[in-house]
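Novice: This is what each chain is made of:
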Amino acid sequence: MALLEVKELVKSYGGRNVLDGVSFDLEEGEAKVVMGPSGCGKSTLLRCLNLLIEPTSGSILLDGKDITRPGADVRALRSRIGFVFQNFALYRHMSVLDNVTLALRRLKKVPRREAEERALHELDRMEMADKRDAYPAALSGGQSQRVAIARALAMDPKVLFFDEPTSALDPIMVREVVTLINGLYLDNVTILCVTHDLGLAKHISDRVVFLDQGRVYAEDLIENLLRRDDPVIEDFFGEG
Amino acid sequence: MSFIEILQILLQGAGYTLLITFSCAATALVVGLAIAMARELGGAWISAVLSAWVYVFRGVPMLVLLFVVFFGLPGVGLDVPPLLAMMLSLGFISGAYLSEVFRGALAAINPNEVLAAQAMGFTRFETLRLIKLPQMLRFSVPGMINELTTVLKYSPFAYTVGLPEITKQAMALVATTMRGIEIYVAIGLIYFAIYRLLLSFVRLIEKRYAVPGFAEE
Amino acid sequence: MLDAFPFVADVVSYWPQIVRGLRDTILLSVTITATGLIGGIVIFALTLSSKPVVRRLTQSYISLFIGTPLIVFLFLLYYGLPNLGVTLSPFVIAVLGFTFNVSAYNARYLTIAYKELDPAELESARAQGFSRLQVFWLITAPQSLRMSVPALTNQAIQNVKDSSIVFLIQYIEFFAQMQEVASRTFLFFKTYLFTAFVYLLLVSVVVLIARRLERRLAIPGMGVSVGA
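Protein chains in written order, with this note's numbering: chain A, 1 to 240; chain B, 241 to 457; chain C, 458 to 685.
In short, the hints are calculated from the structure, not lab data. One or more of the hints may lead you astray.
Just a few of them, taken from the derived set where beta-carbon distance is under 8 Å, the chain B residues facing chain C [claimed, not checked]: (1) G299; (2) V304; (3) L305; (4) I421; (5) Y435.
Think of the CB as a built atom: it goes at the ideal place given N, C-alpha and C, for glycine as much as any other residue.
Full structure from sequences and hints, please.
Specialist: See the structure below:
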């Protein structure tokens, strides 16, 4: 049984199907990248998986339990999925440490002392422990993203979702973050990452789920995909 | 007396309300511009004095100032007619607030444009008139609208110095008919209607003078 | 200014009622600032409701109270409520009237600040599992409030000044007391000038507190968009 099973996921707005029957699995410890041209539905897909967007039809199973059924515990679901956003989305009125401990203290009711220990452990892993008292405004893009990852990890999630984690960063910071996520990947953290950055994809994943117009166009190892003589795929990657 | 008849009586006061509002607003505009220009052109001393002036006029309640002017000045030999008293109190206070709006607007002007004008050979006065003033006024539109509606909302106090505007009519009506709720709801609606009319009117003017491509504050 | 001395003597002789008046002015100002702030937060929360009907009603409420004179609403309550058989003390009427009015303005300021918030932060909080109420309490409200400090403290200053109008609904506070002093001493000019000066002092105290609050509560790196 895979950790995450997506079956025929459909999301329509008006008459248009942004997601038109997406199916794939994610095993525990696996890392997959979702890629595809703009408008293929990749961001929508990610947000459907933790029910930030309500799917129109289809099913999503986390640990065998169908979360699209009415009455599913959304809060429990979201605490098992760590979400890292493109623009970091750090709470700017709180210090770095408070950012990381907030969910632990308010949702999991972990006492402050213990929450801060766990937070510092993750911040340390991301090499940001010395910035615990800094505010997001004082951090660079790369630093912010590292704090965002630490914040997601602090809740001890079963899987990490990344939504274009490097799109808002300059090339040097991109290398920073790619190295970090690569480290997580090597640590066998389960990862689902939406990106259009091929360099990132190569460093952090086993397979690519290639979306086109709301459907899974192909799913394969990166090298295999690139070797395919396919016009849609070649169009996206720019070269053969 | 029907509701319609009540409305008709109240609307007689509307003319005074508009007169008071526009007189005080005009005073405010003159005072506000004068202060803003004096601060732009004057030296450190003038700015300091005017800052103090603005602080005082922003810190004193309008009704108190009205009483100082209307009930107090006669004691030192100056008899002030009611409308003038309103202009000297509400008008001057609003003028102080406007001068701050103008100050902020002036600070938002791109300094490079001023430098360019000076490089072309314009004097301080000409730069002020041709470059700074037009932009300052455009940036100040939201603040000026705000002040205008504020003046409208403080105009009822004119009744305390005898001006027969809407609120005075209302009080007389309540005294005779004892239908407080209807009457005050009615004048509330009238004021609200005038408020919306003023807003629409000003927005129309704003559109007419808008410069294409000029950023909206 | 030797004739200032009789004035000072008069002030001293009326001292007890002047102090009472001051006390009542401060009591009213503090009360309406508090209720107006709480009311403002509640109304602001309502503007963010998921139900369109609630949102529209709330916007109309705000529009109505910002667009009508405060004194008219106070008169409506003062002269109108007895017709409905409801008798309330002038203080309660004043607090009621001011609260409706002030909370509309505060809600407007908070709404303006809210536009500067980063929606990704709110989405992130939802993604972490926080409920809508929690997102409001932990992210939306703290950020909006801290960004609105200049506007909210300005409102507090306005409250102190506007408290001077309640003598018109028979609440006897400082200004009302000073009017009596003036009419007894016939020193209208000096008395009212003194009154204005005292209000200036009260306002200055609030200004000092406001500046300190602004410094402490400013969010690092976030520009203040709502101001004096």
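Novice: Once the shortest beta carbon distance from L305(B) to chain C is found, is it less than 8 Å?
Specialist: With a minimum Cβ separation of about 6 Å from chain C (threshold 8 Å), the hint on L305(B) holds.
Novice: Closer than 8 Å between Cβ atoms is the bar; does I421(B) clear it against chain C? Give me holds or violated.
Specialist: Holds: closest Cβ of chain C sits about 4 Å from I421(B), inside 8 Å.
Novice: Quick one, is the Y435(B) hint okay against chain C at 8 Å, beta carbons?
Specialist: holds (4 Å)
Novice: Against chain C, run the beta carbon of V304(B) and see if the smallest gap drops under 8 Å.
Specialist: holds (5 Å)
Novice: So, as I understand it, the hint says G299(B) touches chain C; can you test that by seeing if any CB pair is closer than 8 Å?
Specialist: Nearest chain C Cβ about 4 Å off; hint holds.
The structure meets every hint from the earlier list without exception.
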